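Asker: Sequence:
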Amino acid sequence: MISFSPTEEQGLIVDTLKRYSKDKLRPAFRDADEDGELPADLLAKGWELGLVGSSIPEAYSGFGELSAVTGVLALEELGAGDLATALALQAPATFALPVLVAGSEEQKEQYLPQFSEEAFPKYTAALLEPTLRFNPRALQTTARRDGDGYVLNGVKAYVPLLSRAEYVLVYAAEDGATQAFIVPVAAAGVTLGEREKLMGVRALELGRLTLKDVKVEAATGTIKAWDAPSSAA
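Numbering (the working numbering), first residue to last: 8 to 240.
Hints were generated in silico from the structure; no laboratory data involved. Note that the structure is a prediction, hence the values are computed from the model and not measured. Glycine residues also receive a C-beta, built at the ideal position from the N, C-alpha and C atoms.
Simulated restraints, written as ranges between beta carbons of each label pair:
no., residue 1, residue 2, range
1, THR23, SER68, 19 to 27 Å
2, ARG151, SER74, 35 to 43 Å
3, ASP155, VAL208, 37 to 45 Å
4, GLU112, PRO137, 34 to 42 Å
5, GLU44, GLU112, 36 to 44 Å
In silico DSS-like cross-links for lysine-lysine, where the CA-CA straight-line distance does not exceed 27 Å:
no., residue 1, residue 2
6, LYS129, LYS115
7, LYS31, LYS129
8, LYS222, LYS129
9, LYS219, LYS204
Please put together the full structure from these sequences, using the hints given.
Answerer: Below you can see the structure in the form of structure tokens.
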């Protein structure tokens, strides 16, 4: 028989997040939405709960293991308090978890320990593009091989917490296949645009990212996670 009951550890996580959502997020979410800004103390408190760190193995300074079920349970409780805060707290995970799953050993050792530290990490990911009928397997952002690296060109939209980020995991098409590239925000050719406007969840900052001939080293800046061509089902 398959058990759909949370484990004891998952139950503790749910109870902790339920109290955080009820006591901290619900009383503050309306003002945050109207102001268009998440309170820094709530974000810091939420990060202290260690949701991302609990998905990273001890070998990389984490204190748990990756579990989709635990992640869903956690997001359900956070979303009940405030969806903007829930998405903001998971923004660093959009960088960390692809590195954990598909990154090189060097990349894991370099980046993952930072997601278990007290300070909110300055990492995010850029997948969406400002186009109708967006298809993640047919991206307009491109990556062209150039010597020992790649050159990236394109525009990304709705990048969470972009103005706070130091590194962005950018998804681009390389010869018809979607790949991921670690791009420093300070790299030449990277431009941060205006904040995206939303009809709801206005407390969550989403930005636009433009890349023009941005160079990325192949050995340290690429994550070869996908090999299927864009035409695949």
